[in-house]
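Counting from 1 along the sequence shown, just add 228 to a position and that's the residue number in my numbering.
Don't take every hint at face value.
[What the hints assert, rightly or not] What follows is a list of derived Cβ distance ranges for each label pair: (1) GLU395 to LYS301: 41 to 47 Å; (2) ARG515 to LYS434: 25 to 31 Å; (3) ARG274 to LEU510: 25 to 31 Å; (4) GLU330 to CYS456: 39 to 45 Å; (5) ASP287 to GLU353: 23 to 29 Å; (6) SER298 to HIS334: 16 to 22 Å; (7) GLU421 to SER290: 45 to 51 Å; (8) GLY262 to HIS398: 25 to 31 Å; (9) ASP521 to GLY243: 27 to 33 Å; (10) ASP356 to ARG523: 36 to 42 Å; (11) PRO481 to LYS506: 20 to 26 Å; (12) GLY243 to LYS527: 29 to 35 Å.
[To be verified] Mimicking DSS-like on lysine-lysine, the simulated pairs with C-alpha atoms at most 30 Å apart in a straight line are: (13) LYS300 to LYS241; (14) LYS300 to LYS506; (15) LYS402 to LYS365; (16) LYS464 to LYS434; (17) LYS506 to LYS458; (18) LYS300 to LYS239; (19) LYS495 to LYS459; (20) LYS464 to LYS526; (21) LYS466 to LYS495; (22) LYS248 to LYS352; (23) LYS248 to LYS402; (24) LYS495 to LYS289; (25) LYS289 to LYS301; (26) LYS239 to LYS402; (27) LYS495 to LYS458; (28) LYS434 to LYS506; (29) LYS264 to LYS402; (30) LYS239 to LYS301; (31) LYS307 to LYS402; (32) LYS352 to LYS264; (33) LYS506 to LYS241; (34) LYS466 to LYS453; (35) LYS402 to LYS434; (36) LYS239 to LYS434; (37) LYS453 to LYS506; (38) LYS289 to LYS239; (39) LYS506 to LYS248; (40) LYS466 to LYS434.
To be clear, the hints were calculated from the coordinates, so they are not data collected in a lab. Every residue gets a Cβ at the ideal spot worked out from N, C-alpha and C, and that includes glycine.
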Amino acid sequence: MRYYSFSQFLKEKFGERVQKVTLDAGFGCPNRDGTKGWGGCIYCDRFGSGSGTREKHPDIKSQALAGMESIKKRYQAHKFMPYFQSFSNTYAPVNQLRSLYEEVIHLPNVVGIAVGTRPDCLTKEALDVLAGYVPQKMVWLELGLQSVHDETLRLINRGHTYQEFLEGYHLARKYHLLICLHVIIGLPEENREHVLDTAREVGRLKPDGIKIHSLYINRDTVLGKMYCEKKFTPMKQKEFVDLTCDFLELLPPTVVIQRLTGDPNPKELVAPEWTLRKSETLQLIHRELERRDSRQGKKYAI
Numbered sequence: 229m230r231y232y233s234f235s236q237f238l239k240e241k242f243g244e245r246v247q248k249v250t251l252d253a254g255f256g257c258p259n260r261d262g263t264k265g266w267g268g269c270i271y272c273d274r275f276g277s278g279s280g281t282r283e284k285h286p287d288i289k290s291q292a293l294a295g296m297e298s299i300k301k302r303y304q305a306h307k308f309m310p311y312f313q314s315f316s317n318t319y320a321p322v323n324q325l326r327s328l329y330e331e332v333i334h335l336p337n338v339v340g341i342a343v344g345t346r347p348d349c350l351t352k353e354a355l356d357v358l359a360g361y362v363p364q365k366m367v368w369l370e371l372g373l374q375s376v377h378d379e380t381l382r383l384i385n386r387g388h389t390y391q392e393f394l395e396g397y398h399l400a401r402k403y404h405l406l407i408c409l410h411v412i413i414g415l416p417e418e419n420r421e422h423v424l425d426t427a428r429e430v431g432r433l434k435p436d437g438i439k440i441h442s443l444y445i446n447r448d449t450v451l452g453k454m455y456c457e458k459k460f461t462p463m464k465q466k467e468f469v470d471l472t473c474d475f476l477e478l479l480p481p482t483v484v485i486q487r488l489t490g491d492p493n494p495k496e497l498v499a500p501e502w503t504l505r506k507s508e509t510l511q512l513i514h515r516e517l518e519r520r521d522s523r524q525g526k527k528y529a530i
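The whole structure should be built from the sequences, with the hints applied where relevant.
Here is the structure:
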């Protein structure tokens, strides 16, 4: 493997396969309710960039148990990591956060949790709760960065600046949590140099992990409207593959690569169609790294 995959990392830590279980705990987002903005990011759909599992199982414990049973059958996995994915999963009173986290973190065969949120939704109280689980469980805090360019963050209606991201990131760093950053390749008005700037900054920050997403367009989103009005053209698969390899080359070799593609819902996707072919895209990334005789960290400057 030419990059440090999440599956490899988990096998090193636990000695066997560990699978994430996506959850929707019903949290909100300050970029939707008027606290920071309205409507959310231009690519965010009604599920808050999540799976919508709450529609089937409103109870968080039921979601986790159903997800673990399904994954156990599909992947023959016996260790699990519930992932609070939809919307901003630290955006609630601390007692509510603790109650929801504890409904799943102590379930049998759960080795840890992952909590996705915005960098401007971090309080010392919420971080204290998460840090309290660290002695017994693995805890990943997943922060949406997307881009280091403020003009891009404004364009996608992100609702925070890069400086605000840094403040949240450095605060979280004090709590000994594993931190995974989310970035998107293919954002409106960004070119190769924009993406490489983000890669270099991520390398400088040295997070524990990263998720690289391909931008895709879902129905009933602002980005979907822009696409229909021919105000935005999504990236081609070949360009995404090339930029992803460029990005990997600039990262420290110790950063865990949790994701290298987007994962759209076929029922919600408008474009581009290639983002549905996840396995194909991953194979193309592997082949391009081989063609270059390259790997994660090859161009990383300490």
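Hint check results:
1. GLU395 to LYS301: 41 to 47 Å: holds, 43 Å
2. ARG515 to LYS434: 25 to 31 Å: holds, 28 Å
3. ARG274 to LEU510: 25 to 31 Å: holds, 28 Å
4. GLU330 to CYS456: 39 to 45 Å: holds, 44 Å
5. ASP287 to GLU353: 23 to 29 Å: holds, 25 Å
6. SER298 to HIS334: 16 to 22 Å: This hint holds: roughly 20 Å between Cβ atoms.
7. GLU421 to SER290: 45 to 51 Å: Between GLU421 and SER290, where Cβ atoms are some 47 Å apart, the hint holds.
8. GLY262 to HIS398: 25 to 31 Å: Given about 27 Å between the Cβ atoms, the range holds.
9. ASP521 to GLY243: 27 to 33 Å: With Cβ atoms ~32 Å apart, the hint holds.
10. ASP356 to ARG523: 36 to 42 Å: 38 Å Cβ-Cβ, so the 36 to 42 Å window holds.
11. PRO481 to LYS506: 20 to 26 Å: holds, 24 Å
12. GLY243 to LYS527: 29 to 35 Å: At 33 Å between Cβs, range holds.
13. LYS300 to LYS241: Holds - the C-alpha atoms of LYS241 and LYS300 are around 19 Å apart, at most 30 Å.
14. LYS300 to LYS506: It holds: about 21 Å lies between the C-alpha atoms, which stays within 30 Å.
15. LYS402 to LYS365: holds, 18 Å
16. LYS464 to LYS434: holds, 29 Å
17. LYS506 to LYS458: holds, 25 Å
18. LYS300 to LYS239: holds, 16 Å
19. LYS495 to LYS459: The hint holds at about 23 Å.
20. LYS464 to LYS526: Holds, at about 25 Å.
21. LYS466 to LYS495: holds, 24 Å
22. LYS248 to LYS352: holds, 26 Å
23. LYS248 to LYS402: It holds: about 25 Å lies between the C-alpha atoms, which stays within 30 Å.
24. LYS495 to LYS289: Holds - the C-alpha atoms of LYS289 and LYS495 are around 26 Å apart, at most 30 Å.
25. LYS289 to LYS301: holds, 19 Å
26. LYS239 to LYS402: Measuring from Cα to Cα gives roughly 26 Å; hence the hint holds.
27. LYS495 to LYS458: Holds, at roughly 22 Å.
28. LYS434 to LYS506: Given that 30 Å is the threshold and the Cα spacing comes to 27 Å, the pair holds.
29. LYS264 to LYS402: holds, 25 Å
30. LYS239 to LYS301: Measuring from Cα to Cα gives roughly 19 Å; hence the hint holds.
31. LYS307 to LYS402: holds, 28 Å
32. LYS352 to LYS264: Holds, because 19 Å separates the two Cα atoms, which is no more than 30 Å.
33. LYS506 to LYS241: holds, 26 Å
34. LYS466 to LYS453: holds, 25 Å
35. LYS402 to LYS434: holds, 14 Å
36. LYS239 to LYS434: holds, 22 Å
37. LYS453 to LYS506: Holds. LYS453 to LYS506 sits at ~25 Å (cutoff 30 Å).
38. LYS289 to LYS239: holds, 25 Å
39. LYS506 to LYS248: holds, 17 Å
40. LYS466 to LYS434: Satisfied, since the Cα-Cα distance of roughly 27 Å is no more than 30 Å.
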